[in-house]
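Participant: Bring the two chains, given one by one in their own frames, into a single complex with the hints.
Protein chains in written order, with my numbering: chain A, 1 to 510; chain B, 1 to 257.
Note that these hints are calculated values from the structure, not bench results. One should not assume that every hint holds.
[What the hints assert, rightly or not] Chain B residues, not near chain A, derived (Cβ > 10 Å throughout):
{"id": "1", "residue": "G61"}
{"id": "2", "residue": "R115"}
{"id": "3", "residue": "D178"}
[Unchecked claim] Have a look at the derived ranges for each label pair, beta carbon to beta carbon:
{"id": "4", "chain 1": "B", "residue 1": "D226", "chain 2": "A", "residue 2": "P224", "range": "50 to 56 Å"}
{"id": "5", "chain 1": "B", "residue 1": "K24", "chain 2": "A", "residue 2": "I338", "range": "23 to 29 Å"}
{"id": "6", "chain 1": "A", "residue 1": "F366", "chain 2": "B", "residue 2": "K24", "range": "58 to 64 Å"}
Each residue gets a CB set at the ideal place from its N, CA and C atoms; glycine is no exception.
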Amino acid sequence: MDLLTAAGWSFLRMLIAYVLSLLFAIPYGLAAASSKKRERWMIPLIDILQSVPIVTFFPVAILFFVKLGGGGRIGVEMASIFLIFTCQVWNLAFSVYETMKTFPRDLLYLADAYKLPPLTRIRYFYIPAMVPGLVYNSMMSWANGWYFLIASEIFSVGSEEYRLPGLGTEIITNLEKGNIWGLVLTLTVLIAIVLFMQLAIWNSLRKWAKLFEYNYEPIDIYKPRFVEWIEEISYRLRFEQLFYGAAYGLWTFFRKKWVKLIVKSLLVILGVYAMYGGYQFVMWLISPMPKGISEIFPALGVTTLRIFIAYLISLVLVLIPGYWVSKHREKSAKVVDIFITSIGVLSSIPASAFFPPIIHIMVKYFGSMEVGAIFIYVTAMVWYIMYNVLLGAVSIPMSLKNLAQVFKIRGGLFIRTIFIPSIFPSLITGSITGWGGAWNASVIAEYMVFSGEVLAVFGIGSFLVKNLTANPKLMMWGAIIMTVYVVLLNRLVWQPLYNLAERRYRRGEW
Amino acid sequence: MVSGKRKVILKADNISKVVEEKGKKLVIFDSISFEIREKEIVSILGPTGSGKTSILNMVVGLEKPTAGEIFYRGEPLDSERHIVPLIPQQPISLPWLTVQENIEVVLEAKGIPLRQRIRTALKYIDLMGLDSFEDTYPRELTLAMRQRLSFARALSVEEELLAMDDPFTTLDSLTAEDLREEFIRLWLENQLVVKGILLTTTNVEEAVYFSDRVYVLSRRPGRLLDIVDINMPHPRDRDSKEFADIMDHIYSVLLAL
Numbered sequence: 001m002d003l004l005t006a007a008g009w010s011f012l013r014m015l016i017a018y019v020l021s022l023l024f025a026i027p028y029g030l031a032a033a034s035s036k037k038r039e040r041w042m043i044p045l046i047d048i049l050q051s052v053p054i055v056t057f058f059p060v061a062i063l064f065f066v067k068l069g070g071g072g073r074i075g076v077e078m079a080s081i082f083l084i085f086t087c088q089v090w091n092l093a094f095s096v097y098e099t100m101k102t103f104p105r106d107l108l109y110l111a112d113a114y115k116l117p118p119l120t121r122i123r124y125f126y127i128p129a130m131v132p133g134l135v136y137n138s139m140m141s142w143a144n145g146w147y148f149l150i151a152s153e154i155f156s157v158g159s160e161e162y163r164l165p166g167l168g169t170e171i172i173t174n175l176e177k178g179n180i181w182g183l184v185l186t187l188t189v190l191i192a193i194v195l196f197m198q199l200a201i202w203n204s205l206r207k208w209a210k211l212f213e214y215n216y217e218p219i220d221i222y223k224p225r226f227v228e229w230i231e232e233i234s235y236r237l238r239f240e241q242l243f244y245g246a247a248y249g250l251w252t253f254f255r256k257k258w259v260k261l262i263v264k265s266l267l268v269i270l271g272v273y274a275m276y277g278g279y280q281f282v283m284w285l286i287s288p289m290p291k292g293i294s295e296i297f298p299a300l301g302v303t304t305l306r307i308f309i310a311y312l313i314s315l316v317l318v319l320i321p322g323y324w325v326s327k328h329r330e331k332s333a334k335v336v337d338i339f340i341t342s343i344g345v346l347s348s349i350p351a352s353a354f355f356p357p358i359i360h361i362m363v364k365y366f367g368s369m370e371v372g373a374i375f376i377y378v379t380a381m382v383w384y385i386m387y388n389v390l391l392g393a394v395s396i397p398m399s400l401k402n403l404a405q406v407f408k409i410r411g412g413l414f415i416r417t418i419f420i421p422s423i424f425p426s427l428i429t430g431s432i433t434g435w436g437g438a439w440n441a442s443v444i445a446e447y448m449v450f451s452g453e454v455l456a457v458f459g460i461g462s463f464l465v466k467n468l469t470a471n472p473k474l475m476m477w478g479a480i481i482m483t484v485y486v487v488l489l490n491r492l493v494w495q496p497l498y499n500l501a502e503r504r505y506r507r508g509e510w
Numbered sequence: 001m002v003s004g005k006r007k008v009i010l011k012a013d014n015i016s017k018v019v020e021e022k023g024k025k026l027v028i029f030d031s032i033s034f035e036i037r038e039k040e041i042v043s044i045l046g047p048t049g050s051g052k053t054s055i056l057n058m059v060v061g062l063e064k065p066t067a068g069e070i071f072y073r074g075e076p077l078d079s080e081r082h083i084v085p086l087i088p089q090q091p092i093s094l095p096w097l098t099v100q101e102n103i104e105v106v107l108e109a110k111g112i113p114l115r116q117r118i119r120t121a122l123k124y125i126d127l128m129g130l131d132s133f134e135d136t137y138p139r140e141l142t143l144a145m146r147q148r149l150s151f152a153r154a155l156s157v158e159e160e161l162l163a164m165d166d167p168f169t170t171l172d173s174l175t176a177e178d179l180r181e182e183f184i185r186l187w188l189e190n191q192l193v194v195k196g197i198l199l200t201t202t203n204v205e206e207a208v209y210f211s212d213r214v215y216v217l218s219r220r221p222g223r224l225l226d227i228v229d230i231n232m233p234h235p236r237d238r239d240s241k242e243f244a245d246i247m248d249h250i251y252s253v254l255l256a257l
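Isolated chain B, as found in the complex (with noise of 0.2 Å):
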């Protein structure tokens, strides 16, 4: 495989986690491994409830695994360290910033000197779509427009790793189409330094549409229950037969339990 060749940027093995909750022991998901190269968008596939947001708060240093571990560029994930920038399922921002400073804290949080901080987020409130939106408060934007926000926030502290938490769930149906394609165009077209994506989804078609390789996880306890590799170019064509056998396969495996 082509994927095989390109480096790993993110390494997740055997990670499992367990909660107490009134003394009975709660298996969230169990002994999950997989990796996120460079150039290549990952899916975790599976129904509410297989832990995806469990997995990418690891990923991202919110939660750490209750057994196996996590490498980041083969050195184990520093959640002090090591930033991976999360676009979230709600979006969320400082409601008493406006756009441009809402951004401008992150960089200012990595170190970057404040002519920098402002011509990088210039630059991803462009990218977004955001422009002439720099000075209004986030409170003033719709949600589609807070979630453009959310991206362009994670795009601009410039990480080799993106994570997003299942994030056009949140908005109606046309304008997730929206943002999908114009976030495909842009990742397609080099336009951002990011390496590798980490997307969790509940939308078979969406991780087909994606992904270079999906994760199918099962009902909670979350297990892993397939790898499915999608070598098919960009942009992808949702009425051709192969994107359609894909997305029966995906089926019939998530369906077989």
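Excised from the complex, chain A in its bound form (with noise of 0.2 Å):
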């Protein structure tokens, strides 16, 4: 049938995205967290790549691995690959960064006492650590990935339309034709195929990462099948000593000095090749400056107002639950495996394919798309903000929970001094990766065909998407900006907030 042979290749894509995004993702975070130097210019650096809008990255990455391909088919694929890359890189690469950063002393102090050699400390030591990091951006990623479906298969240059066999363009073409039942059924399978993975994969693994993680409460030890297959079948073809092997190759290699002479004058070549490109891209930018770059202000401004109001309704969508979850002295455990299964699958329905019907009422019913935008971006942030207060929620110390049922410590005093700052951390770090999602879902939420008809807000994402083949250099401006913008309330609002939490968490000043 066409349609499993679309969920097919829209899987395979995702996967290998997926596992070229691990491959970068665990050298980059422990390179960039083991030396100061390094850390100094690569986490600002993917701390920019992440605020980019995926539709950003289109002209650029299609021009390059279109021309890389030869114009065929395999170019426009790599292409696709490497946009659901974009979304999925990202996150994971932080989260290795973090662990390394939050490495336990001790253990550190183990490995120093017996001298490991590195690669044994990344084999033993820092790759296990990173296990229950990686499976819970693992899953975010995953789902990220789905989110962007329709843009990563679909997209347009100039007059070029390239539209790859996939769910997405499944979705996209149904929505042209109008055609209910075969949207109802492509997302189907798109949900089946999710929660599939949410049941037989993440969540076995996220049980499984529980070994991972550096305390001694008691847990139930469990190893999924899979895992087992996997180590099966590399210990069969020797895969862990031909990866270590060759590591160890590799980095005996790379520290010989005439190498590394190599490598630096290489390095010095492409600095000056992308210098050179740097050049002209800006001489492009500014010569002769777009007319409508004072559009792009306002536009920031109005999605801004209209995030920010997502915000405070996700807010009250996640505090309740989560407040029942800390509330719960039991039976809360298995309540939040549900909540989070159901997470994973509602935060994977691409927002473009499922919407535009629910937009379409909408529109009708208020006589304007902006409530519509609106429910766009709670969709697009609400679960990251939920998925990480209700673990925070669920963690905490039942020793806690004990001392307000003795003491008799309830409602509103139990929030105030109990809730809000058991969840605070979690809180922050899902509100950071909430806004994160909902900057990059604002080319989806200001911007909706649906049966022909243009759905459009004015905004930072409807003036995105309308530039983007009307007129790239403007678009490139309103990314430019947009980026700047969102790097600075990231450095301005949100790490200040994070600092605070980290500060509270230990000793807060209730």
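Facilitator: Pasting the structure below:
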């Protein structure tokens, strides 16, 4: 059947992009965390890349990969995989970096005491410590990949439109034809895949990941069957020896003096080339300056306001189940499991697939796209916040819950002195990712096509989409200004809040 | 006996605890009765796994017995209404609140007005030797000081009964000895509002040093082996023959099994 072939193609692309993401994220995070000098540029770099909305990558990626593939299907496929990769990779790299930065000092001491060589440390200390963070972030990365499925299978540059076989293309084709049943069927297949992965893979990996948390709390030690298979296969193929052998080979190779020299000169050549490219890019940007740049700033303002409203709505939606979980002393872990499974599924549904019909009705009802846009922003951010807050709430130590029960600390007092301080750090982490998700979703929240009709509201998202083909230079200006703005917002608002959370969690000024 | 005339604060009547683990029924403790009267310190003494903590959790309202019942001043214990403050084995406090705020929270939960909260908190901070640490965060305190905070908090709610879950084991022996002596002095000088104390311990000497009555439990499943009344006057002399005799007796009961 066509639909299953399409599903197969979409899944294959996601899988390849995911494996590439992992292969990129682990060395990147390790490299960034292991040297102050590297940290200073590697972390801001992914911070910036993560803040750039996916559409901005389109022209560059397509141009590059389509040319690389000689204009054929392979090039287009590579471009698509690259776009999915940009949805999946950044949070994984951040996760590795965070794990390394918070690596338990006493374990490090142990490694130092036994003078373990770097590869042994990576194999037995660092990689295992990364597992919990990577499992959670992989789930998020896959959800994000599905969420932007349509954008990564259908893209047009100038007059040319590329469509790859896949679920995203199926969805769009059905939407264009107004074929509701076809749409429902496609979405069902998509949801079935996501649900299957959630139940068979992520939930069991999450259980397994508990083994790698650095504490000695009693847990049921559990290893998923497929992890055993993978281990078995890699054992038979001597994959591990090969991998670490290769890694060791590379390690010693790159530490040789003459190799270092060559690498350095290559880097210099690359740097000069990049500077030349950058110079050309800047010249293209400024001569002549496109008209309409002044429109970008009010657009950013309006979008910020929309995301802020969506954020407030999300907070209300999140704090209620979070409070419930924190109050219940026994069943809560099971309920959280169910919640997280649903979050995984719901956050994977591509907004531009499911929502056009809903938005269509909303537009009819409210007379404008405004409510619909905010609705989509909520769907783009609420899951991240909910996931983090629920995990924060479920991990409130039993001893604190007991304390509350013994001394009858309840209601508002409980919320003020136990619930909010306990979840505050995870609330901030969730908010940061949630806002990131919302910025990326701006291009689908503010501009939509449903059976030939364009539904759009004024904002940075619709600005980018409109100018993507009409005026790429203006689009680029919009994307650059937006990126600077988002990075500034992160630095000036979220970073201080994050630091405050860390400090307050430690001691608090309540 | 003198204690017979004092009013009963709390009475446990044939309580048992059975849990199900992987389909198998596991008896934690079986048919245990005990009571705490006014002006009494009562100990539950037993080896690890005899269900002491579980019994204490029932008294403070964290668990319910699977059989039997607990009465508080003659009426069935209601975990939503009756407050029995607990001093846990490991000190527990809210890390984002100062010492004083940690105490004020439980007073606020009791509905005490602000001014009185502050006054009461400061009184017990003083009593437990935490003065000048009011504005310190628990993280900055030593383990012993954090356990003192647990004591101050539990005493500050000024309930009739106090439950202590082996609160001295976590401290080194010298510090533990200081805290024991300070606490018994406060108790004997009637400086505390609390009228009865239930203590669980694995330490025979500690039980004999503190208690008016010791309930001796067996290994899992916990069963009542003996009830030992101790009428020695305080402060008790650990080197006296009487003290040694009582300890010998308890050891013989514990080791007989």
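Participant: Hints first: check each against the structure and report whether it holds.
Facilitator: Hint-by-hint comparison with the structure:
1. G61: 6 Å, violated
2. R115: 17 Å, holds
3. D178: 25 Å, holds
4. B:D226 x A:P224: 50 to 56 Å: 51 Å, holds
5. B:K24 x A:I338: 23 to 29 Å: 27 Å, holds
6. A:F366 x B:K24: 58 to 64 Å: 60 Å, holds
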